[in-house]
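Protein chains: 2
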Amino acid sequence: MSTPTEDDKKFMKIAYEEAKKGYDEGGIPIGAVLVSSTGEILGRGHNRRIQDSSPILHAEISALQTAGRLPASSYKNTTMYTTLSPCSMCTGAILLYKISRVVIGENRTFVGSEDWLGVKGVEFVVMDDEECRKLMERFIKERPGDWGEDIGEEGEER
Amino acid sequence: MSTPTEDDKKFMKIAYEEAKKGYDEGGIPIGAVLVSSTGEILGRGHNRRIQDSSPILHAEISALQTAGRLPASSYKNTTMYTTLSPCSMCTGAILLYKISRVVIGENRTFVGSEDWLGVKGVEFVVMDDEECRKLMERFIKERPGDWGEDIGEEGEER
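The listed protein sequences correspond, in order, to chains R and F.
As numbered in full-length UniProt numbering, the first sequence has no gaps in its residue numbers, which increase by one up to the final residue, 158.
As numbered in full-length UniProt numbering, the second sequence has no gaps in its residue numbers, which increase by one up to the final residue, 158.
Among the clues, some could well be false.
You can't tell identical chains apart in this list, so a pair holds if it fits in one copy or across any two.
[What the hints assert, rightly or not] In silico PhoX-like pairs for lysine-lysine, Cα to Cα no more than 25 Å straight-line:
1) 10 to 134
2) 20 to 134
3) 141 to 98
4) 120 to 21
5) 120 to 134
6) 76 to 20
7) 120 to 98
8) 98 to 134
9) 141 to 120
10) 141 to 10
11) 120 to 20
12) 134 to 76
13) 20 to 98
These aren't lab readings, by the way, just hints derived from the structure by calculation.
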């Protein structure tokens, strides 16, 4: 664990914009941005379960997908910004590509597999961002079934 | 760990066909099939890194994608067949959807994160299938750079 920097706040804002875009499209409001060590945005995206009827396009996976096919060296010293604690699939993707650092908007509405990041030596920061949390709280209250489906839980009927 | 059944051999054959199709398309030869408890194929696919320029469409992820958006209950008692030991992303996806069982073609050419499956109580079987192994050995020899990229390793130039 470490403290968020000013850059972290800037990029989390962009991840939040992605989440909000997802919400406005009628989707699950989680956003992510992959940033290089020099501050270049390599990829950004949001959860597309509803929009694309996809079980795999979580926010982090969408960001990796928009970054496209890259050599392993391109992921060196990158940071993944995500508005919500990453699930096991997204955590596994972060470990696969050896992304160096993960900044998490909040982990109050859902705790994913951030413990694996720690075990595998990936630095991560939880910002406990109020805006990220409020958007998720609103979505979970409005559509518990869709949310349950996204994390492999049996929620209410949709 | 447990012993492969006759059904396991049948479905691994289908996963291998997917892998072979990927190889014939000029791609990375790994295939996967998601099968319900009643033996219905819910999804099948192969690695599409080269074909779709995608860093996320590993075989297991492709199989989940073709299965489409499903309620959590649909993954109950399913088996994921994969020709190769699943990487951390694919292992994480298997855990996310609480897939009950994983049958692995081989883990000699690559050992992914199957240890996590064990830790999380997911039953898995390694078939040590010669056909799966030979296809991967051939591919790794022919295109080490593409293979390295797929597992986040710096291989030879492509």
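Status of each hint after checking the structure:
1. 10 to 134: Cα proximity of residue 10 and residue 134: one copy only (18 Å, versus 49 Å across).
2. 20 to 134: Answer is within; shortest intra-copy Cα gap is 11 Å, inter-copy 47 Å.
3. 141 to 98: between (35 Å within a copy, 24 Å between copies)
4. 120 to 21: For residue 120 and residue 21, neither the intra-copy (32 Å) nor the inter-copy (34 Å) Cα distance is at most 25 Å.
5. 120 to 134: Classified as neither; 30 Å inside a copy, 31 Å across copies.
6. 76 to 20: neither (28 Å within a copy, 32 Å between copies)
7. 120 to 98: both (10 Å within a copy, 22 Å between copies)
8. 98 to 134: neither (30 Å within a copy, 28 Å between copies)
9. 141 to 120: Answer is neither; intra-copy 34 Å and inter-copy 29 Å both fail.
10. 141 to 10: neither (28 Å within a copy, 44 Å between copies)
11. 120 to 20: This pair counts as neither: shortest intra-copy Cα distance 31 Å, inter-copy 33 Å.
12. 134 to 76: neither (32 Å within a copy, 32 Å between copies)
13. 20 to 98: neither (28 Å within a copy, 29 Å between copies)
Violated hints, in rising order: 4, 5, 6, 8, 9, 10, 11, 12, 13; the structure is consistent with all others.
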